Amino acid sequence: MTISPVRRSRKSGSVMVLITLLLPSIMIPLVGLAIDASVARLVQLRLQAAVDGAAMGAGRLLGTPAVPETLAAEFLASNFRTDGSAGTWGAHDLHSTIVYTPGITKIIDIDATAQVPLLFLRILGKTSATVRARGSGTRTDSRVMLVIDRSGTMDVSDGTGLPTRIENAKTVAQTLFIPAFTEGADEIGLVAFDGSAYVAYPPSQPGWDPTTTSSSRGGPDMYFKDPNNPNNMINQVNAIDAGSYTGTAEALWMAYIELQKAHLKDLAQDGVDLRMNSILLLTDGLPQALAVSLNTTGSNVLKATSPCTNRVGPPNKPAMVGFVTGGPSTTARGIYRLYSLDPTSAHTSLWWGANPGQAVDTGLTANCSGLSSAGSFALNTTDLTKIPDVDMWGNATTGTAYKTVSRYIDKNGHTITNQIPTSTNYSGTPVSGNGSGDQWLIAMWNATDSAATRIRTDANKNNRTPSDPNNMRVSINVIGYVGQNGLDEGLLIRIANSVPSATYPNASYDSTQPSGLYCRASDSATLAQSFFKIVTAILRLAS
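Per UniProt numbering, the sequence shown starts with residue 1, numbered consecutively.
No lab work stands behind these hints: they were computed from the structure.
For clarity, every value in this text was computed on a predicted model and none was experimentally measured.
Glycine included, every Cβ here is placed at the ideal spot set by N, Cα and C.
A few of these clues could be false.
Have a look at the derived ranges for each label pair, beta carbon to beta carbon [stated by the list, open to error]:
| # | residue 1 | residue 2 | range |
| --- | --- | --- | --- |
| 1 | T130 | V99 | 12 to 22 Å |
| 2 | L274 | V67 | 42 to 52 Å |
| 3 | Q205 | T429 | 31 to 41 Å |
Whenever a hint applies, use it, and build me the whole structure from the sequences.
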């Protein structure tokens with residue numbers, strides 16, 4: 001059927017009339033609603049960002065004398081302006097409810113609202129809309145031991161020119177690490193190491209206390225920034241110079257002992273200790289030193305025919321303890337006196353910081369055929385049967401993990417020739433001459449790996465006094481400061497027990513043990529970024 005032109009014209013006219021009637025009552029309000037809703041959403045996003053910023057900003061200062069509620073309100077007001085500034089579309093009547101919850105983990109909760117002027121919906125009598133945002137900031141009181149490698153390779157540039165790696169490390173520790181923690185809330189300590197380790201803060205006078213009791217001397221404390229203390233942590237860091245080998249296992253274990261001291265003191269004082277315990281290890285190299293006890297009863301490695309005066313150890317003779325150094329395809333050297341056993345009254349922590357590489361005779365090797373501080377082990381030594389199965393702290397020197405875990409990388413993360421002889425089977429022999437350097441190097445690698453595992457599992461728990469029901473669950477965070485010679489990133493990732501990622505795969509990750517972070521640094525900028533990332537994780541800063 002044919003529709004007449006007149007009828008078609010009438011239908012078109014009806015549609016136009018309908019549109020004209022709907023335009024002011026439905027179409028314009030719908031468009032206005034969309035515009036006003038978009039503006040309100042933009043303002044709400046701006047308010048949420050301001051709330052998150054206030055929570056994070058105030059969260060960083062939780063535990064300081066500052067009033068957290070006041071701080072959060074000031075952060076919020078400065079980040080969300082209600083004076084007509086651009087970005088808030090004339091928002092006004094900013095109100096907030098801020099609640100601070102104290103404790104070991106401190107929490108700041110913020111609930112904020114603001115009024116947003118409406119443009120088009122005014123025709124319906126609606127002049128403003130309420131937007132809302134909520135956020136929380138947290139900060140956990142922590143107990144941390146910073147462990148700084150000051151071996152000889154740290155005394156060179158990272159490849160970008162001066163300053164040296166040790167100077168970069170000191171700068172970041174003084175300007176970023178120490179200021180991030182709060183006196184009176186956090187407990188901080190410092191161990192520095194080359195071939196041997198010493199406790200730099202709290203300063204250890206000659207005769208470091210290795211015991212783990214509630215009355216033991218030392219342990220990280222809450223007064224590390226005290227400007228009236230010439231031995232404060234900033235000055236101890238500043239005193240560190242670099243030189244010599246790399247005794248990583250001993251340094252980690254001494255940091256663990258220091259953490260236990262503070263834990264037991266707080267437990268005795270408060271009846272409970274809820275602090276997070278962690279170690280931050282900064283190193284640029286391969287373990288190349290080992291603390292040993294050669295004549296310990298039950299694990300004496302001195303031959304029955306050895307001419308050593310102290311062939312038989314305690315209680316009849318003094319323990320023959322010290323540190324041995326070595327490297328790839330070299331003959332081991334030593335033994336030398338452990339820094340922590342030096343009795344010289346003038347050798348304070350500040351002195352040790354300024355005097356690395358002290359190869360001092362132990363005074364325990366009288367009449368031995370090849371054990372002394374004179375240099376390499378004699379090729380025909382008749383003293384040792386083998387490398388000890390454990391170092392002087394009980395960390396195993398045996399094992400095969402190095403075969404599959406060790407991975408040497410360059411500054412760009414590319415795999416390079418490994419300095420660990422991964423194809424060599426470890427036997428603990430020979431102890432001198434050709435091939436002995438590789439055996440000692442593997443023993444040093446194994447002891448470092450063992451120390452990290454035993455720390456994460458709190459292996460000394462049953463030896464603490466008084467009896468301690470708590471597993472300290474110490475996490476180990478690691479910064480690998482890679483230089484021109486590369487570093488064993490496989491070992492460092494394993495020490496941290498970091499959660500596997502595309503950047504840092506970790507086939508040996510153990511979910512039953514505390515997990516830390518591993519970060520690779522290659523210059524001062526990435527070093528600072530690594531410190532910031534780990535410190536933020538340690539303090540559980542979140543919003």
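Okay, the hints, checked on the actual structure:
1. T130 x V99: 12 to 22 Å: holds, 20 Å
2. L274 x V67: 42 to 52 Å: violated, 24 Å
3. Q205 x T429: 31 to 41 Å: 40 Å Cβ-Cβ, so the 31 to 41 Å window holds.
In this structure, only the earlier hint numbered 2 is contradicted, and the remaining ones agree with it.
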